[in-house]
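Asks: Protein chains in written order, with the working numbering: chain E, 116 to 446; chain D, 2 to 414.
None of these hints come from the bench; they were simulated from the model.
Just so it is clear, CB atoms sit at the ideal spot from N, CA and C, and this is done for glycine as well.
It cannot be assumed that every hint is accurate.
To be verified - Quick partial rundown of chain D residues pointing at chain E, CB under 10 Å, derived from the structure: (1) Arg6; (2) Tyr75; (3) Asp89; (4) Arg98; (5) Asn99; (6) Val189; (7) Arg230; (8) Lys234; (9) Glu235; (10) Leu236; (11) Leu247; (12) Gly249; (13) Ser250; (14) Asn274; (15) Ile297; (16) Phe398.
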Amino acid sequence: MVVGEQRQKRMWITQLNKIKYLPYKHDKQMNKNLDYLDELESEAIYILREVAGQFDKPALLFSGGKDSICLVHLALKAFRPGKFPFPLVHIDTGHNFPEVLTYRDQLAFKLEEKLIVRNVEDTIKKKQLQDAKGKFPSRNGLQTFTLLDVIEEFGFDACIGGARRDEEKARAKERIFSIRDEFGQWNPKLQRPELWDVYNGKINKGENVRVFPISNWTELDVWNYIKRERINLPSIYFTHSRECVVTGSGQLLCTNEFLSLDDTDIQVTKNVRYRTVGDMTCTAAIESEAFEIDDIINEIKLARISERGATRLDDKVSEAAMEDRKKGGYF
Amino acid sequence: MKLLRFFTAGNVDDGKSTLIGRLLYDSNCVATDILETLTTQSKSRGSDTEIDLAMLTDGLRAEREQGITIDVAYKYFTTSQRKFIIADTPGHIQYTRNMFTGASSAELAIILIDARNGITDQTKRHSILSSILGMPHVVVCINKMDLVNYSETIYNELENTYTIFAKQIGLKKISFIPVSALVGDNVVKASEKMLWYSGPTLLEFLETVEITEEQGIAASRFQVQYVIRPQTKELHDYRGFSGKVLSGSYKKGQRVLILPSGQESQIEKIEINQQEVKEAGLNSPIVLHLKDDIDISRGNSIVSLNNLPQMEKEITATICWMDNQAFIPGQKLLLQQNSFRTRAVIKEVVSKIDIHSFTELESDGSMKLNDISKVLIRTSEIITYDSYTQNRRTGSFILINENTNNTVAAGIL
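Using the sequences and the accompanying hints, generate a full structural model.
Replies: See below:
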């Protein structure tokens, strides 16, 4: 079991009680140095409203990570006092952090917005798929099947996601409105040109669009925004004590029931936090004492390792790992 | 701290990607793991410098293998002064289409010239395109100065020749910087080899160049993106028009005109994030409430009474054809300008613009990929617009093929 889980839960509940979903005061003087965030925010809200205006059945893909939490916050700014013109959709791999799942449920409950959850576990059973194997089994690839199924089940024509262009080389080339064929595939060589503030969301039957409103944000922008807007996050983003196993490449992976560990594995208890939120099986923690957002911002400013490089085991496979997964329908 | 969006243009071998790589690298914006990966990759491909900086922007497998840039790549970096968004556009075959794309959101263009080759046809084309697209600033980087012995004479000659050319094609604000992207002279660090140059380095220039907010003082323009109607018990009558201020500003109590219907009303309330504000400026994501109950839908404009936009069903525009499939006369199209969309047809290809000489040629009525032409467009609904030189936001549009749904052209009015 995760060390200090009780303490974490308590911390989490106190944090949750502090969440205010009322609009914060729009105060431009608060921090002059962050006024570029207004521009990024305005762009993202514009894109969200374009989705609402152009599509019949959009959805917001919610992972419980900081980027999709920002999207929800931006959607509040775009559509309140109205309801979101889309449900929140979560693909649960079964390997998620419990803290993130609790956050997800509480958020949807507090906002009174519709949440659709589909489990990779069910897809594996239904389609008789081979479950992820190995020491650190990643269901990242399997997630795509569930995603495509849920798109088909509800007939979603646009799926909003929190991907950013600074995350990865292939993402740097992706459009804000990214067209996917009926197999969910991305074709990097046949992308529509995207000009000015004009987003072409016209699609043929069977196709759908992935929309990335925070494409132009960097990791630091996201944290500065979270700070400015006082957005609450799952507790695993902040320092906590955790039992971890050291991987071959020296990364820290929290000990959990999905890993197949043996006597040779080195287990340590450290003060860690997560820089990204993915599966427990393939998202590494980083050693950190960052207790609040300011600590995190300072840490990122000093960090010399990229976000995905520090925390994702799945991108290390090959130079074009992300490009290949995207072509295959991955987010 | 402000945001500056710029794009780079140059020939295939002028060292664009290297220049951007250098900017990111020397301003400490490249993470160590990415550098490590690059070092190994550069070595395995036999690159002669320690790391091939161009590989920082070449994101797709085919690009890395062939050493070319296929598509527009966006890169981000921040200094203590500014946050930058770079659109790195390819220099080869589809350059016109990609340059249009990269330039559409940019406030500044960097044009690279190889000091050894001087002003080439490509340089001219990029400059002419920058002129057509009304770039507020153009910075000419005379690159590869290390290969011409950092010669002041060569630099001065190029500056003079280009200045004359720029005048001919109507470029306004131009600056020149002698650089070596490969070695790093005058990109981030001032060159010790070119003491004759006393101007700013490229980064210093980018950090301090004045970003024009001309659109902020222009006429008030707003298009409805989405109508917010909660339809709950408490908010039964709430009907807010959401969108962003495209130019100018809006005030509470201001009299406005709804276009194309032409009805007049008054602004009752402006909201940003559910907070009422008295005035909203450029780019603000607002929700407008009007005094009168008027039927307004997505794509309609709400504008100030003075300085009215133009309203037509027949427009002349300069368009760049962007589709692999050539234009077919009579082809059914959709015209989209921000959130406004209408059926449209190109009635006539008036002339073709030769981007080598910046002259209008007689058209044979055809348009293929990368062609820039003047066309006459007929729309099914009235389009409300301003000329592009006055307002980039309301003077631009795209054309969509109704059959394939592809974006086939970008146009300016």
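Asks: Evaluate each hint against the coordinates.
Replies: Going down the list of hints, with the structure as the test:
{"no.": "1", "hint": "Arg6", "verdict": "holds (9 Å)"}
{"no.": "2", "hint": "Tyr75", "verdict": "holds (5 Å)"}
{"no.": "3", "hint": "Asp89", "verdict": "holds (9 Å)"}
{"no.": "4", "hint": "Arg98", "verdict": "holds (6 Å)"}
{"no.": "5", "hint": "Asn99", "verdict": "holds (8 Å)"}
{"no.": "6", "hint": "Val189", "verdict": "violated (18 Å)"}
{"no.": "7", "hint": "Arg230", "verdict": "holds (7 Å)"}
{"no.": "8", "hint": "Lys234", "verdict": "violated (12 Å)"}
{"no.": "9", "hint": "Glu235", "verdict": "holds (9 Å)"}
{"no.": "10", "hint": "Leu236", "verdict": "holds (6 Å)"}
{"no.": "11", "hint": "Leu247", "verdict": "holds (8 Å)"}
{"no.": "12", "hint": "Gly249", "verdict": "violated (15 Å)"}
{"no.": "13", "hint": "Ser250", "verdict": "violated (14 Å)"}
{"no.": "14", "hint": "Asn274", "verdict": "holds (5 Å)"}
{"no.": "15", "hint": "Ile297", "verdict": "violated (13 Å)"}
{"no.": "16", "hint": "Phe398", "verdict": "holds (7 Å)"}
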